[in-house]
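K.L.:
Chain order of the listed sequences is P and B. My numbering applies: residue 1 is where the first sequence begins, and numbers increase by one. My numbering applies: residue 1 is where the second sequence begins, and numbers increase by one.
There is no bait here: all hints are sound.
Below, a sample of chain B positions facing chain P; criterion: calculated Cβ distance under 10 Å: (1) 13; (2) 14; (3) 16; (4) 50; (5) 53; (6) 72; (7) 95; (8) 96; (9) 111; (10) 112; (11) 123; (12) 130; (13) 131.
Have a look at the derived ranges for each label pair, beta carbon to beta carbon: (14) B:100 x P:67: 30 to 36 Å; (15) B:71 x P:222: 51 to 57 Å; (16) B:66 x P:247: 49 to 55 Å; (17) P:147 x B:86: 45 to 51 Å; (18) P:250 x B:59: 56 to 62 Å; (19) B:86 x P:187: 49 to 55 Å.
25 Å max Cα-Cα, derived DSS-like pairs, lysine-lysine: (20) P:344 x B:71; (21) P:340 x B:71; (22) P:209 x P:240.
Keep in mind the hints are simulated off the structure, nothing from the lab. Don't be surprised by glycine CBs; every beta carbon is placed ideally from N, CA and C.
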Amino acid sequence: MRVGIVGYGAYIPRRRIRLGEIAAVWGADAATYERGLELHEKSVPASDEDTVTMSVTASRRALARAKIDPSSIGAVYVGSESHPYAVKPSGTIVAEALGATPAVHCADLEFACKAGSEGMFLAAALVKSGEVQHALAVGADTSQGAPGDALEYSAAAGAAAFIFGSSNLVATLEAQVSFMTDTPDFWRREYMRYPRHAGRFTGEPAYFKHTLGATRMLLEKTGLQPKDFAFAVFHQPNGKFPMRAGKLAGFRREQLEAGWLSPWLGNTYSGASPIGLTAILDQARPGDRILMVSYGSGAGSDGFVWTVTERIDEVRAAAPATRDQLDNGKLYVSYGTYAKLRGKIRMGE
Amino acid sequence: MSTLNPARVAREFPSRYRLEAARCDACGAVSFPPRLVCPSCRGRKFKVVPLQPEGKVLTWTVIHVGPSSHKHEVPYALAVVELADGVRITCQIADVDPAQVAAGMPVRLEFRRIQEDGEAGVIAYGHKAVPA
Ligand SMILES: [Zn+2]
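Pulled out of the complex, with its shape left as it was, chain P reads as follows:
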């Protein structure tokens, strides 16, 4: 049975903060970050936005493109490392808001930046097994870095949602793989407000080893070569890593640019490569092949090969394009406003 994506949607908050605004507060050299990490600005969630609100909006957009009855969704998986509740699922709120309850399987997933693609992997497998007609997978985050830490320059907010099914596909899933090892490159212990990371250890032995490992597995499994793809998208912890991973894997810049959003979006964690995939689908043509590889610290990568179908041209305009959300209607905030919105200011009782 052929399975794949029936509808997709993205949500990017309107607020942005420029890197220079953050660097000025901490006495850092903005140019070093902009050049070194290829980052210019990042999205900032408003005080009334969180993983759940972004997931609902992205999912409604996926529904608008899928044109299916929400009660036919048999599984809802929300992947995030910033679920609003420590205990209480995000997925039930999303499922209730969409009208998918009560006959629906729900689980919140967590795996650093890989939780979104994790849901996609499960949703595709569940549809393929015949257990459910449609399954929804969302990757969403409103992640935070410690003030002044390198992560603060990249940790951003956004969501992408994908409805999987076996008919009316916009992209057929050709193969999916996972490449995992136990790698302590980034973590957050319970009750800690901000995560810790292992500095340079997050590069070669972590991000690159796993993204390139998953890419190799995908190419072996499908017998394809980089030149057989119209587009490729890799997890985007900053602007630099995904371009470098893509080039090391044998892809050209033209194949990587459509899904490369991080220089102006930042790292949306569980949303990163999934939002990149939505930007690619916004401009892909029937028959185009897409390679997508996520990365989550801890560590692992999920990899997917998609082939775009004719239906893409019918559904594209049914919801806002990802690039439009990234480029238009931006509201720039100061570091002071950002600190308030992100709860970094200690309030009185």
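Let chain P serve as the given structure and place chain B with the ligand on it in line with the hints.
P.N.:
Just chain B with the ligand now, kept in the frame of chain P:
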């Protein structure tokens, strides 16, 4: 100092989460939130209909001194929005400089956090208008 009763919050999910309104079987008037008796004809039979999430601002005010639950959001615009199907709802307008709000401004409803019961209580979700 709990301010949000989870049972009450949950009762309102159909209208708060899914914008479900009630259309009177007898006269067709749409009530939001749904009522037991139709305000137009006193009919008592309704069908559930979802509201159209697009509309325009009819009138608005800017809140400078808000309730304690919203003091971090001031100043914010509170508006009466007329939706595409003619139903009027009162809601906040998010993602906008309140000074830029104008009558007739096109908006659409988006799922947002409305209120939270301190740092430990429940979070109430619903809809706000955003510039369309
Ligand atoms: Zn009536």
